[in-house]
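Mind docking these for me? Both chains are given alone in their own frames, and the hints should help you get the complex.
Sequence order for the protein chains is A and B. Quick note on the numbering used here: the first sequence kicks off at 180 and runs consecutively. Quick note on the numbering used here: the second sequence kicks off at 56 and runs consecutively.
If you are wondering where the hints come from, they were derived from the structure by calculation, not from laboratory data. Keep in mind the model is a prediction, meaning the values are calculated, not measured. Cβ coordinates follow ideal geometry from the N, Cα and C atoms, glycine included. Hints may be right or wrong, so weigh each one.
What follows is a set of in silico ranges between Cβ atoms, one per label pair, in the way DEER data are often shown [what the hints assert, rightly or not]: (1) Trp455/A with Pro152/B: 53 to 59 Å; (2) Ser488/A with Asn138/B: 50 to 56 Å; (3) Glu211/A with Glu153/B: 48 to 54 Å; (4) Ser183/B with Glu460/A: 31 to 37 Å.
Quick look at which bits of chain B chain A covers, simulated, 3 or more residues with Cβ under 8 Å [stated by the list, open to error]: (5) 105 to 119; (6) 145 to 154.
The lines below spell out each chain.
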Amino acid sequence: MQQLVEELLKGNRRAAARLITLVENDDRRKFELLQAIYPHTGHAYVVGITGAPGAGKSSLVDRLLQVIRAEGLSIGVIAVDPTSPFSDGAILGDRIRMQDHALDREIFIRSMATRGSLGGLSRATKEAIQVLDAFGKDLVLVETVGVGQSEVDIVKTADTTIVVLTPAGGDSVQTLKAGIMEIADLFVVNKADLPGVDRTVTEINMMLDMKNDVPWRPAVIPTVSIRGEGIEKIWSSIKEHRHHLETSGRLAEARLRRVKRELTEQVEYLVKSRFWEEVKEKFFLGEIFEKIARREKDPYSSACELLDSTNFFERKS
Amino acid sequence: MNRRKIRVLVAKPGLDGHDRGARVVARALRDAGMEVIYSGLHQTPEQVVETALQEDVEVVGLSILSGAHMTLVPKIKRLLVENSMNDVLLVVGGIIPEEDAAALIAGGFAGQVFTPGDSLEKICNYISSNFE
Ligand SMILES: Nc1nc2c(ncn2[C@@H]2O[C@H](COP(=O)(O)OP(=O)(O)O)[C@@H](O)[C@H]2O)c(=O)[nH]1
Ligand SMILES: [Mg+2]
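Next comes chain B alone, as it looks inside the complex (with noise of 0.2 Å):
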């Protein structure tokens, strides 16, 4: 019988064109079990919420190596509230300074931040354990 799945939207918002990170996110959190929707390049922080409203994932997670993840993090962590997706967490990664991180997370907009040092072990293992 099925049982419950973690679902996770994977998007890349912002101009940048480059998804190779996004896409071996995708496949890590694939082999960890979870089922990914992965939508693409050049996204619109309205078109990420409304994905991951009509796809209902507990999980977004944004790859943003544009530099602008100060505007689209809060402005989508906004529109998810607006939603009422408040329970959806929303993860970060990408070439993000250690001092922005902390206030991502400080001001309640990302749950956690990663950055290209860090393990696809420990992305997997940080969403997994918040749905244990």
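Isolated chain A, as found in the complex (with noise of 0.2 Å):
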């Protein structure tokens, strides 16, 4: 492990590999790893991209990659699909698109599935992009579904949020879920060679106007992806926003809200894992969940029993 580690700090496409798979299989040694690169993570600016099935996420991200790299710029990506509810499989077909940067040395590609995070972004992407920065990348970019819960999850991972859209052809952008309206940073009409553009670019827009007093005002970017066209524009719009994050110290104060969600979240975890390892071992469960079930006990009073027969919350200091 510590080796692994080692050899990803020293740029090491495969120990990067297998250091993602680790977190993805939640492997017990996670923490050790995840323990061992954070000092070496916080550089990467991550960006998240998300949008409809089809919409065109993929070939936007391939022409980014492009003109992104152009700059020198040493990149990640993640491209989350969703597993099968049906199978516990998974087809990842992301990388259809990126084929082009398949050798490029400074460009990473991971596919991911969903697995058990119910279409959310899981907890496995979170440290996925952990392992990246640490890598060395300076750039990340996370691909996912916007279904469910993954566009709203996304916004608390990326620096920079963009919604992909395509110029819909009747009722549109009223249409929109509430939500999608709120997170992104930059919405992107990609597909623009589609009849419908220029109306769902003004509808955007108009939606955008009726706020006020907003910190930062998304631009609305009409693209043709398979052309390459109004690539350049999403690219010069990520840079001005992290501009505008980083002057306004808005940055900083994501940053420092992700960190205290992380560290809630990780005490929360090992309160739940311990707990229960230590309950399991005490308590045949199934015995007790029975006599719930027939009414010769109640589910609180047999949550208070549990809890008082672990020592868990009685070590002081």
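The following block contains the structure:
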């Protein structure tokens, strides 16, 4: 493990890949690893890209990679696709669009399935970002499918969030879920070669203009990712947003919030897992469930009994 | 809690432009509970191996219909070994004559070779059984 971390810090791609697998599998050495790399994180700027399936996110990432690489930056990509609820398997096809970069040593692409996280951005994704950060990436692009929880989750992790839409046929922007308008730092209307793009752009702009006094007014950028049109504008808007966050102090604030959340989550995770470990050693839980179901016991006093049976909250000092 | 998943790269090296077979296999593997990375058409051996490395897969499945299997498969195996990925299981599917299949397996290049007559179930079972 120590050796894998050393190799990661030296820039060994295989070590990076291995370590991502380790966090993804919730390996029991995971925290040891995350602890070891933590001092080496905090450099990477994280950009989230979300939107409906087929909106063109992967094609946009492909073109963005080209533009950003021209500035000499080193980039990590994490492409998240949903796990099939029927088989627990997944098809991860985002790389199809990114093949031109397969042999660029400064680009590292990893596909991840959502696994247990119910469509949300899994804990493993956040941890994989840490690995790529410690690996030395300047920028990490995270592509997630904008359904369910992930579109909201991405904001908590990304410094800049891009929402990708397409020209809508009928009633368009009005029908967008309320949440999605709130999370974007930047709107991309991709497939601008299709009819209806002007209207979509105007509608988004109108919605944005209804809000005053916002610290940051998202840009709305039409793109044709298959022809590489509008991509430079996306990149300069990302840089402007970053500049805004840095100069206004909002980046530092957001990162502090993130640290707070990470620490809280970690404490809760440890409490939960240690608690159940201990309780399962002492009790046959199945029996307790049965008794509760038969109304011989109730869940409320049983929960207190379980808690009191551990020396969990007794340790003072 | 998450558990370990078999990760498979399904790749199409070489020039032929038909990936229906590869997609059907990819879906079957997904339905068997595996995570399948599909990287599309026209992959060079270098691209296949670099993708396998970054994705840290246990299995690489090559779909080859072009007839170039006797050069592509040994080359990809060699690149895997050069990148210390000796333990990655390499399987091949496609229109491959029996004697070529035998030579690829005997030479240690491929773990198994499947031809259009083989059922999807057989392919899934072969891969799963390697990780029990
Ligand atoms: N007409 C048009 N099609 C596009 C454009 N960008 C992507 N596509 C197509 O939309 C489909 C989905 O693209 P993909 O990047 O995989 O979308 P994702 O699911 O959001 O990652 C593909 O068939 C692309 O070729 C565009 O600008 N115009
Ligand atoms: Mg995609």
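Evaluated hints:
no., hint, result
1, Trp455/A with Pro152/B: 53 to 59 Å, "holds, 57 Å"
2, Ser488/A with Asn138/B: 50 to 56 Å, "holds, 52 Å"
3, Glu211/A with Glu153/B: 48 to 54 Å, "holds, 50 Å"
4, Ser183/B with Glu460/A: 31 to 37 Å, "holds, 33 Å"
5, 105 to 119, "holds (count 6)"
6, 145 to 154, "violated (count 0)"
Hint 6 from the earlier list is the only one contradicted by this structure; the remaining hints agree with it.
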